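Residue numbers for the sequence shown follow the working numbering, beginning at 2 and rising by one.
Since the hints were derived computationally from the structure, they do not count as laboratory data. The structure displayed is predicted, hence computed values, not measured ones. Keep in mind that the hints are not guaranteed to be accurate.
[As the list claims (entries may be wrong)] Okay, the calculated beta carbon distance ranges per label pair: (1) 146 / 48: 35 to 45 Å; (2) 140 / 47: 21 to 31 Å; (3) 23 / 78: 34 to 44 Å; (4) 139 / 111: 14 to 24 Å; (5) 150 / 29: 28 to 38 Å; (6) 56 / 147: 19 to 29 Å; (7) 139 / 39: 24 to 34 Å; (8) 143 / 89: 14 to 24 Å; (9) 28 / 74: 37 to 47 Å; (10) 152 / 116: 18 to 28 Å; (11) 115 / 77: 34 to 44 Å; (12) 102 / 48: 32 to 42 Å.
Cβ coordinates follow ideal geometry from the N, Cα and C atoms, glycine included.
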Amino acid sequence: MPGTSFSLAEAKHWGHTIGSAHCNTFRERFQVANGSMTPVDASMNADYANELIRACSANGAAPAAVAVDCDSGSASAFDNRYFANLLEGRGLLRTDAVLVQNATTRAKVEEFARSQEGFFASWAGSYARLTSLGVKTGADGEIRRTCSSVNG
Numbered sequence: 002m003p004g005t006s007f008s009l010a011e012a013k014h015w016g017h018t019i020g021s022a023h024c025n026t027f028r029e030r031f032q033v034a035n036g037s038m039t040p041v042d043a044s045m046n047a048d049y050a051n052e053l054i055r056a057c058s059a060n061g062a063a064p065a066a067v068a069v070d071c072d073s074g075s076a077s078a079f080d081n082r083y084f085a086n087l088l089e090g091r092g093l094l095r096t097d098a099v100l101v102q103n104a105t106t107r108a109k110v111e112e113f114a115r116s117q118e119g120f121f122a123s124w125a126g127s128y129a130r131l132t133s134l135g136v137k138t139g140a141d142g143e144i145r146r147t148c149s150s151v152n153g
């Protein structure tokens, strides 16, 4: 397949180039005391941490009710901005932020931050492999209507 390939386990993160996450899904990156959030993850860009604190504290809403973009600046576009954000310490989820702490995955992040075409080629190859795995349905599995909960 053309382009640089990566594992299917890594590929699940690349989908975070679109969409959003509720504030309670990344709370381990902050300390919450007396209703105030304080960043505790030193790998997070300080300005970005403050943006998240403002967004998650808006209007006194519960963290589970507030969602922020996974890919700051281009959350509705499938592009390579996600990778530049990771290099700038602007990875929303801890599972994304750690990708720049490992030499192998950091090299991929740097490569894809430089080349949107390279990212697209790799994504296409991994997605094709993923679709060939087969979908489990019926008693063996399900396709969730909402990814965070089992169909009921």
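### Task
Of all the hints given earlier, name the ones this structure violates by number, lowest first.
Checked against the structure, the hints that fail are numbers 2, 3, 4, 5, 7, 8, 9, 10, 11 and 12, while the rest are satisfied.
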